[in-house]
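Asker: Using the hints, position chains B and C against chain A.
Residues per chain, in single letters:
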Amino acid sequence: MRRTRLHLLHMFSGIAIAVLAGIHMVALHLEEVLAFFGVDASEPTSWGAMIARSSQGIWVGIYIALLAFLLYHALYGLRGIILELTPSARKERVITWLFVVVGIAVFIWGSYVPISLLSS
Amino acid sequence: MKQTAPRSNYLGVGGWIWAGNYKLERYLYLLHRITGLGMLLFLTFHLTATTVFRIQGQEVWETTMALLSNPWLKAGEYLVAAAFVYHGMNGLRLILQEFGFLLGKPTPPIYPYKDALRKKRLWVVVMMVVIFILALVFLFDFIV
Amino acid sequence: MAEFNPEKITFKVQRYNPENGGAPHLEKFTVPFNKGMTVLDGLLYIKENIDSTLSFRASCRMGICGSCGMLVNNYPHLACHTQIEEFHSDKLTVRPLPNLSIIKDLVVDLTPMFSSHKQIKPYLIRGEAGMEDPNAEFAQSPQELNTFLQFAYCIKCGICLAACPTSASDRLFLGPQAMAQCYRYCADSRDQGQKERLPLVDTDHGVWRCHLAGACSEACPKGLDPALAIQLLKRQLAAEALGLGKRRPPSPVVPPIKESKPKVPYPDFTVKKEK
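Protein chains in written order, with this note's numbering: chain A, 203 to 322; chain B, 105 to 248; chain C, 5 to 279.
Here chain A stands alone, though its shape is the one from the complex (with noise of 0.2 Å):
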């Protein structure tokens, strides 16, 4: 049942995304829709915004997850998309192993910066 496994964490991390990134889309896209219902969210990519936003904990931690959750179910889209092209038992090994290394090198940098900024 391991591939299984694999596979439900993968719809359980797109459900995860689902939400963690819509929050990350409606507070940095939807300036507009948001003033609509009287929450000030004017220029949220701003330098004054990023940092405002970046020593808030829940933020931070909404960023860790939210890239936990995305490599996990990028990575294993792709190896997906890359075994139907290639399929092969050895290359499956070798796609597998690159693509744990991979996430989790970007996942150590990519919630090291945060961590770091919130101290600052």
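It is worth saying that the hints were derived from the structure and are not from the lab.
You can take every hint at face value.
A few chain A residues that face chain B, going by a derived Cβ cut-off under 7 Å, partial list only: (1) G216; (2) H231; (3) T247; (4) A276; (5) G279; (6) G312; (7) V315.
Backbone N, C-alpha and C fix where the C-beta goes; we use that ideal spot for every residue, glycine too.
Answerer: For chains B and C alone, kept in the frame of chain A given last:
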């Protein structure tokens, strides 16, 4: 008699795109795959911008943001937002249907044949309408 | 709709002869049209009257044997099951099914499909009691029968493989046909082989490579729904992995009929027995 190996007739990646005159779901599958790959490409740029450039301080960040406010890149950003809406909502439908919901029970085939996806086409259409409305909301905000 | 009654139909048939080499090419044939003519009738006319070297596979002419699957006007059909009239066009392009290897002309090699069909153990598996020495049938209600009956109508023509986008690039993929048959046996109330069969589809080229493009169900000439079967199989796998769902015992053997008095008395003999 000369023995010859059969000639391969696999369609390859072309077969993902077109293998005959099929209907809706086959192209939704293709679009799901394309939007997924597109967002992965965007993710690499986005992570570079929000980690490598951000950690270098205010000046580098503001130059990057000025660069990204180019109207062409804004249009690209809208495409990513639309891809996110599509991939997310269609993915939700796929999760439900892959677990056998919204598909009905197996019934004996009676002519004219109708498969489960065509019998329950309504759900797919509802999801497409939701995607379209959400994409319009994002479009509104990108234009204003 | 206007009456479709042309004098002649132009068949463009893909030819490929491995002994002569060369790439597959289209060859034109003109066939007189009669009302009620199927694509297979046209091909038979060509073979009998125009070019006897044309190869195609056909047997029953009534959509039962699953030999004559081919790509007619860019859509997989059973040639014997398809009226020329359906296309409302006097030009037909006939090609072999894609995603399978061509042996000659329209004949494709179905071996990969049959080997993956064999791989998923398409027979009833019973536990300790086994199938040894069966002395009575296994009990099954009509409702239980309906959960898998439609998948038992598969004629193994290979059309779902020709339609599937994953089969187009992934040669190790089991294919919609084999996985629908896997569901057919796993859903059978008489079967106990889930433990043996589910690991066979829980691989990198098994059930999770299906992305619900739905083309297999759309194209199936027998009205089966392989896409639905694969989704239900995924549901079984997920329930197994999460430990959800209730396990049903396999249906029991029908108990032998006890000797009983006939409920309706026999009528009296109309002819008196002579003593």
